[in-house]
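Below, each chain spelled out in residue letters.
Number of protein chains: 2
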Amino acid sequence: MPVGEKRLIQNIRRWARRGPTVATGIGDDCAVLRVPRGHELLVTTDFSIENVHFRRDWHSPEVAGRRCLTRGLSDIAAMGGEALAAFLSLAVASDVPQKWVDRFLKGLLDLANEFKVPLAGGDTAQSLRGMQADIVVIGSVPKGKAVLRSGAKPGDFIYVTGELGGAAAALAELELAESKRASVRLSGHVSLSGRFSVGSSRHASKGPQPRLAVGQRLRLRGVVSAMIDVSDGLSTDLEHICQESHVGAEIEAEAIPQALVRSGKRVGLEFALHGGDDYELLFTSAAKIRARVAEVRVTCIGRIMHSGGMRLIDAEGKARRLKAGGWEHFRGNL
Amino acid sequence: MPVGEKRLIQNIRRWARRGPTVATGIGDDCAVLRVPRGHELLVTTDFSIENVHFRRDWHSPEVAGRRCLTRGLSDIAAMGGEALAAFLSLAVASDVPQKWVDRFLKGLLDLANEFKVPLAGGDTAQSLRGMQADIVVIGSVPKGKAVLRSGAKPGDFIYVTGELGGAAAALAELELAESKRASVRLSGHVSLSGRFSVGSSRHASKGPQPRLAVGQRLRLRGVVSAMIDVSDGLSTDLEHICQESHVGAEIEAEAIPQALVRSGKRVGLEFALHGGDDYELLFTSAAKIRARVAEVRVTCIGRIMHSGGMRLIDAEGKARRLKAGGWEHFRGNL
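Which chain is which? The protein sequence lines are X and A, in order. Taking our numbering, I'd label the letters of the first sequence as residues 2 to 335. Taking our numbering, I'd label the letters of the second sequence as residues 2 to 335.
Careful: at least some of the hints might be erroneous.
Heads up, the list lumps identical chains together, so a pair's fine if it works in one copy or across two of them.
[As the list claims (entries may be wrong)] Below are the DSSO-like pairs computed for lysine-lysine, each with C-alpha atoms no more than 27 Å apart in a straight line: (1) LYS324 with LYS7; (2) LYS319 with LYS146; (3) LYS7 with LYS181; (4) LYS117 with LYS144; (5) LYS146 with LYS324; (6) LYS289 with LYS107; (7) LYS266 with LYS100; (8) LYS117 with LYS7.
No lab work stands behind these hints: they were computed from the structure.
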């Protein structure tokens, strides 16, 4: 085993917090977990691949690591579940600095500790190029109580937590800055360094919060008919609910909570409609839900319809067809 | 989502068998699994990376897929558990033919069906180069009954199932054939094709069997003090037992079951001692175990000692120090 891999395993063993759900953690053929009595199990896996899901020159290692685990925790939240343990399969090529890997792991484990989710195992491997991380989160939910995508009924209200489009807008800004730098380099000028600060963008900030408390609170109230996390973008994830529930949807453009960016402006509607990686919860309910759940803002953005696909109503009340156009081309959750 | 990824997800949905343990399978944020009452959960993850764990020019896609799942099932076997469901995270670059991916998946799902393990979810993603697959297997075992690596006691007998070294010997043969072809090409001769048949080697044959039935039978008898699967090689995996149990070990060279290869000869001792990827079970017991368990040969190869590391006793009774020298440089299970 290369020195880097040994150190990686040592660091994971040292930094990973134990938890009461883990009977046997790192260091055996399998981890042994205790599942709360009367609960069913939730399992989700998410690949984070360098230059597909994150870039070492765009994202700080801590943010990339944090985001890797956020994806898994957010899936547990979308079922109304609680997280029992996380597992990390990590493949690293020799061209990735050990320091970067250590900081990636720190970012991931900081979030794990924040949510008291023990890292109970995984796998390490050599990669031929870059870094690939597969995060597995195991959760649980009382038997029969998991909130699925398939329960939305015509007439239900459609709600979303927090604000949308922030992550996609920050990414677009990074892309723009890069193309500017490239064109400046091509035209022979000096680099634009300093004009664009990665440190202040959302993609480089602490990053989104998995909405575990909101998801659990909503499940406990028993009023949510369907739920999903907004990882691929509102339009794509709403389509998933429509497809699994065999319904249509109508949403109001003006109602969609558009994220505030550091300039003090709101992101454009397209970012809020189609941008991914926000990890907010999108859910439906026959009941009126109050404006804050577990200290997170909740907004009603539309209604579930009998059929007719998805429609977007503009400020003048005119309807146009809404097509799924999110980030799904980057990934496909099974 | 690229066409290839859509087709991949369709194929997984079409080919994956449902099972009674899966309350909600592919198509939601998480899979929902039922855990047998009074059972604890087993979780294992294993990365299979192209050109690290398999090569497209050496392994048939079916064998690579089958081996990918074998690694996970074998870890469940080593705890004495039963497998509840598998999850596959699969990243594929555009240079990997769709046909190859389909056949990889077929190989994996054939084994899953053989062992009645439903594929209940996972993730698909684009890769920038080659293919990376992370297999997650969830299993269960009655509470407190998981067979760990840490229970070996001085005086215990050391046993191994099946035969060892076959996979490593086949791999060495492939490496030799490749270097021969390379040197022939360099000296201007025609290719050696036909001299080496990949189809008849162990690495290209159906591949090893995960020893689930043996592991469960041994756990039920309650006589096994420690168990591990031989994935990294006998010397490395025995060292894992010694380290976790704080004991030493003495094994007899003549007792080690050396795999039969197609020439009718046995593999060399070094292959049986240090070769990986055999997926047999290595276990310790204070009791004499009969020569066949669940129709699989079981061989006593030595004894657990108070300390003194690992020693190998040769045919003349002379002892030498045995150092772990398996395949661990390729991978590091957490």
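Violations among the numbered hints, reported as their numbers in ascending order:
Those not satisfied are hints 2, 3, 5, 6 and 7.
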